[in-house]
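Participant: If you want the building blocks of each chain, they are given just below.
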Amino acid sequence: EDAVRVYAAASLTNAVGDIATAWQKDGHPKATLVFAASSALAKQIENGAPADVFASADRKWMDYLAQRKKIDAATRVELLGNELVLIVPKGKAFPLTVDKGFDLAGAYKGKLCTGEPDVVPVGTYAKQALTALGWWGAMSPRIVGTDDVRTALAFVERGECPLGIVYATDAAISDKVEVVGRFPARSHEPIVYPFALVGGAGSQAGAFLEYLKSDAAQAIFRRYGFTPATR
Amino acid sequence: MVLTPDEWVALRLSAKVALWATVLSLPLGIATAWWLARRNFPGKFLVEMFVQLPMVLPPVVPGYLLLVLLGTQGPIGSWLLEHFGIRLAFTWKGAVIASAVMAFPLMVQPVRLAFRMIDSRLEQAASTLGAPPWRVWLSITLPLATPGILAGAVLCFSRSLGEFGATMAFVGNIPGETRTLPLAIYSYTHVPDGEAAAWRLAVLSILLAAGALLIAHLANRRAEQRLGYLDHGHARH
Amino acid sequence: MVLTPDEWVALRLSAKVALWATVLSLPLGIATAWWLARRNFPGKFLVEMFVQLPMVLPPVVPGYLLLVLLGTQGPIGSWLLEHFGIRLAFTWKGAVIASAVMAFPLMVQPVRLAFRMIDSRLEQAASTLGAPPWRVWLSITLPLATPGILAGAVLCFSRSLGEFGATMAFVGNIPGETRTLPLAIYSYTHVPDGEAAAWRLAVLSILLAAGALLIAHLANRRAEQRLGYLDHGHARH
Amino acid sequence: MLAIDLKFRRAQFVLAARAQIEPGTTGICGPSGCGKSTLLALIAGLLRPQEGSIRFGDQTLADSTTRAFLPAWKRHFGLVFQDGQLFPHLSVRDNLLYGYRRLEPGARRFELGHVTSLLEIEPLLERRPVQLSGGERSRVALGRALLYSPRLLLMDEPLSALDDRLKQQILPFLKRVRDETRIPMLYVTHSMAEVDYLADRVLRMENGTLS
Amino acid sequence: MLAIDLKFRRAQFVLAARAQIEPGTTGICGPSGCGKSTLLALIAGLLRPQEGSIRFGDQTLADSTTRAFLPAWKRHFGLVFQDGQLFPHLSVRDNLLYGYRRLEPGARRFELGHVTSLLEIEPLLERRPVQLSGGERSRVALGRALLYSPRLLLMDEPLSALDDRLKQQILPFLKRVRDETRIPMLYVTHSMAEVDYLADRVLRMENGTLS
Ligand SMILES: Nc1ncnc2c1ncn2[C@@H]1O[C@H](COP(=O)(O)OP(=O)(O)OP(=O)(O)O)[C@@H](O)[C@H]1O
Ligand SMILES: Nc1ncnc2c1ncn2[C@@H]1O[C@H](COP(=O)(O)OP(=O)(O)OP(=O)(O)O)[C@@H](O)[C@H]1O
Ligand code: MOO
Ligand SMILES: [Mg+2]
Ligand SMILES: [Mg+2]
Chain Y
1 EDAVRVYAAA SLTNAVGDIA TAWQKDGHPK ATLVFAASSA LAKQIENGAP
51 ADVFASADRK WMDYLAQRKK IDAATRVELL GNELVLIVPK GKAFPLTVDK
101 GFDLAGAYKG KLCTGEPDVV PVGTYAKQAL TALGWWGAMS PRIVGTDDVR
151 TALAFVERGE CPLGIVYATD AAISDKVEVV GRFPARSHEP IVYPFALVGG
201 AGSQAGAFLE YLKSDAAQAI FRRYGFTPAT R
Chain C
1001 MVLTPDEWVA LRLSAKVALW ATVLSLPLGI ATAWWLARRN FPGKFLVEMF
1051 VQLPMVLPPV VPGYLLLVLL GTQGPIGSWL LEHFGIRLAF TWKGAVIASA
1101 VMAFPLMVQP VRLAFRMIDS RLEQAASTLG APPWRVWLSI TLPLATPGIL
1151 AGAVLCFSRS LGEFGATMAF VGNIPGETRT LPLAIYSYTH VPDGEAAAWR
1201 LAVLSILLAA GALLIAHLAN RRAEQRLGYL DHGHARH
Chain P
2001 MVLTPDEWVA LRLSAKVALW ATVLSLPLGI ATAWWLARRN FPGKFLVEMF
2051 VQLPMVLPPV VPGYLLLVLL GTQGPIGSWL LEHFGIRLAF TWKGAVIASA
2101 VMAFPLMVQP VRLAFRMIDS RLEQAASTLG APPWRVWLSI TLPLATPGIL
2151 AGAVLCFSRS LGEFGATMAF VGNIPGETRT LPLAIYSYTH VPDGEAAAWR
2201 LAVLSILLAA GALLIAHLAN RRAEQRLGYL DHGHARH
Chain G
3001 MLAIDLKFRR AQFVLAARAQ IEPGTTGICG PSGCGKSTLL ALIAGLLRPQ
3051 EGSIRFGDQT LADSTTRAFL PAWKRHFGLV FQDGQLFPHL SVRDNLLYGY
3101 RRLEPGARRF ELGHVTSLLE IEPLLERRPV QLSGGERSRV ALGRALLYSP
3151 RLLLMDEPLS ALDDRLKQQI LPFLKRVRDE TRIPMLYVTH SMAEVDYLAD
3201 RVLRMENGTL S
Chain E
4001 MLAIDLKFRR AQFVLAARAQ IEPGTTGICG PSGCGKSTLL ALIAGLLRPQ
4051 EGSIRFGDQT LADSTTRAFL PAWKRHFGLV FQDGQLFPHL SVRDNLLYGY
4101 RRLEPGARRF ELGHVTSLLE IEPLLERRPV QLSGGERSRV ALGRALLYSP
4151 RLLLMDEPLS ALDDRLKQQI LPFLKRVRDE TRIPMLYVTH SMAEVDYLAD
4201 RVLRMENGTL S
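Chains as they are written, first to last, in my numbering: chain Y, 1 to 231; chain C, 1001 to 1237; chain P, 2001 to 2237; chain G, 3001 to 3211; chain E, 4001 to 4211.
Keep in mind the hints are simulated off the structure, nothing from the lab. Some clues are possibly wrong.
What the hints assert, rightly or not - Calculated pairs, DSBU-like style, for lysine-lysine (alpha carbon to alpha carbon, straight line, at most 35 angstroms): (1) 1044/C / 3007/G; (2) 2093/P / 176/Y; (3) 1016/C / 2044/P; (4) 176/Y / 30/Y.
Could you put together the complete structure from these sequences and hints?
Facilitator: Structure follows, in structure tokens:
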């Protein structure tokens, strides 16, 4: 039987990688893992990529495939959540409170790095959160958008950006940044990672999706900082 | 530096893809370069523009176009699959196509330049010795253009080694199949402590390029000696 | 096609960045090409390799290296900022640097080829007429290499227009400052219904490239006429 | 044998030639810039007359009214260029054999060894053209055209770069070629002595006009 | 004036020259391939002798023991190349003026108009070298070297591509140049007539040896 092909958002690289290793250790054939931006994966699946499982970093791209009837809608499940955090280069923390009354723009000098607003998921969430806190107006001219949350992380790690907004999971894997604030979950749309089987997926694929829901898999997700999906 | 099995796989795949992309581009690139260098025809400027096209766009765009055209659902891709059983999307062959398309303009320009710089009177001399045009081309034009062809091949191979955007968009990041060194480097930047591994792969890329460059360098030296180019310090007078 | 203000901004920025990248690469590219074409020195192969380097790596890697070196915290970047007040990271000037670095090898190869193909006896003839080396270079070598320089400039400009990865990694995506056409296009490919907008921008890129190519085309025709290259159908005999 | 009646214009220069050239050796003389090399290029098929025709025997080489044009490589004429035009990437041997190799063995009228010893270029066979002196180059060019065993041999000042001793050696050889192989020749030169020795007749050119 | 005592090796060819050349015009004769062009290149500074020295007056041009070497552009010698070597990207006028323009007005011994009318190249001034005939090209090469008003004029078969009428016109001019400007000349030729007419003495070369 063919190995399961998992197309997963790049931000899931570590977690899904570890889960696949565990899955193989449990006696299953080795899964093929394909990581890229959710948008690239969705377009490939739309064009016939031999994927069995799709894990998107946001709802948009899962919806995109659902509209095109490329996924098995019945299997769609939001397995994970994430948190949005404010980070600074290690040792460069400044007083900051995540609160409507706080004057973020006046609290530091320089840019704010995050995913490109309205485009890259993390940037979209960041904009919502900044808006909710009343910071968007003053901060928007100072935003440096990136194509990928990793680039934003790199800018902060290098000290180019005194402040960044990334996922908690990204902040967790870097020892060159520190978290100085967490956005309340209600300040932005829930950060969820929808999973689904792609139309025509084999039986192993269903098993893998079930495996992702298992306690063992969920433990791995938590280890990397993901939260159980807030439904 | 001992390589892990994964690194080996990516290295071999990158070498294979870049080599095939170069080998495929060569005949078509030489033909196009010659056509542009030596023929005048209406719409020539449009052809020049078309050749240059993949360069002026961010690589995802040509990659996405390839996906739409050559994907299994695409007009050309489905035809290829149906009639020849050739599947390009999501296979290493597709990675070759993506690299070749992106590197093609780099092949064409130096070869074209070399064709332009050749003294056409030598071709005339050959024709007065009974050589039909194709023989003139093979025995005079092509050998005299060798340095340009090698320069084009070096650019093409190098560009293929570094190709990321179009490959990612067209064939994805499938381990062992389409996950070339640049894609593997991308993946490592997404894992904790992946930086060291990414640097190792970057070094592998560089070594691969150095090998190719060395071969081209030696081939070029031979070709230039044959053509009697100056070696600095030895004037040709 | 009426452009939105955002499209206008991206278009103008792309033109500015590509133009500056080409203008900056030209003198350095010509100097490097000449050095590689005409001098033999120990370690030449390493220099060749170094020139080729940005091409063989996925663009984010050179981009990241630029950030490390030229960022405000980097050794060179902090020095530039302190002594000259020049800030590259997150500015359009940084986008120029990123483009220039990525396009540099494309500039060097054709120019080098042209320098190699020049008949060095003409340079000798000039020296017997009292021209010191620099004058020989300016009055003989450089003009005879014009077609190569134009080919290099075309490749450089085109590559700059399409540059995405290094720019993104070094200067990020700041509307009006560093958001060139490729970055804008890339953004649109990330939104499910952004395709139409992406295509509009791609067409703008293509038009910009066509303009540049047309200028190069005309300049090249003049240069080749000056140099007496064959025009097909008119043998030079 | 060769019937020429043509007009060819290039920038300010106009060549108008009308001549009936018989077999044997025809000398072509005229001041520098009068159009001698241009005439040979027209006969060889490297240039195309804008008006008129060229015929060789009963074969039409070019005719502006019917737009007929036989390309150079089908004419089987040998042309010794004024400036040699040796192939820089080939050894002297491969230059010499370039046309020869493509001939059917029966069509070959000269032997490599014979031609090279007569032109005194045997020691140069493995060299590249850049490693030759001016006179050596012109001898290789002559040898290359001869070895092609052409139906008509067009020579553009083939001996002008040579010393008297070599001239005295090559001229009789060309005379023998003329008499033994009966290859007709057109011989451009400024040397009256060469014309007197070799040519059966002389055509004069002046300002683009052949008379 | 010019004191030569040198050895130069290139592949199998060895040039060994020892001579004391006095002002006036010196003819250099010898068979094709004997080393005449090589000798001129050594004197002009385009090649460097492996052994020995070249001196011009009391100036050392090259000396293998002290490793002294005066580059070509500092020698102010004019060299008429055997194959012209015109600059293809410059008009005939700019070719002619290439050396001239860089001279101080006081150092100029010829006028453009005078040289071009004598060489009959005025109508060609705006052309490019590719648009010239063989003889026209060699006249431009000669004019270019003359206009540079060199301290020593090296000529490599400058008239071999020209017809008799032009030769008869240029030779007396060169003689006048010799007598009026006293520019010393080295003149490579295969023509005894030219040597007799122009040269004060003749050096013979044979197989790389000057005697
Ligand atoms: N490409 C060209 N464009 C314009 N005019 C040209 C071109 N080539 C040659 N000419 C002119 O055509 C005329 C004839 O040239 P051609 O080479 O046939 O002369 P030629 O008789 O061979 O002279 P020579 O004895 O000097 O070699 C000359 O006046 C020359 O200037
Ligand atoms: N680059 C080279 N490499 C090796 N041998 C060379 C090279 N150039 C010339 N020679 C040889 O050196 C010798 C002298 O050449 P040179 O050009 O000085 O002869 P020359 O006397 O000028 O002859 P010509 O009258 O034929 O022009 C010749 O035997 C030639 O074959
Ligand atoms: O991993 Mo993503 O799809 O770039 O947020
Ligand atoms: Mg002629
Ligand atoms: Mg010589």
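Participant: Each hint should be assessed against the structure and marked as holding or not.
Facilitator: Status of each hint after checking the structure:
no. : hint            : in the structure
1   : 1044/C / 3007/G : 32 angstroms, holds
2   : 2093/P / 176/Y  : 27 angstroms, holds
3   : 1016/C / 2044/P : 27 angstroms, holds
4   : 176/Y / 30/Y    : 34 angstroms, holds
Hint check: no violations occur; every hint is consistent with the structure.
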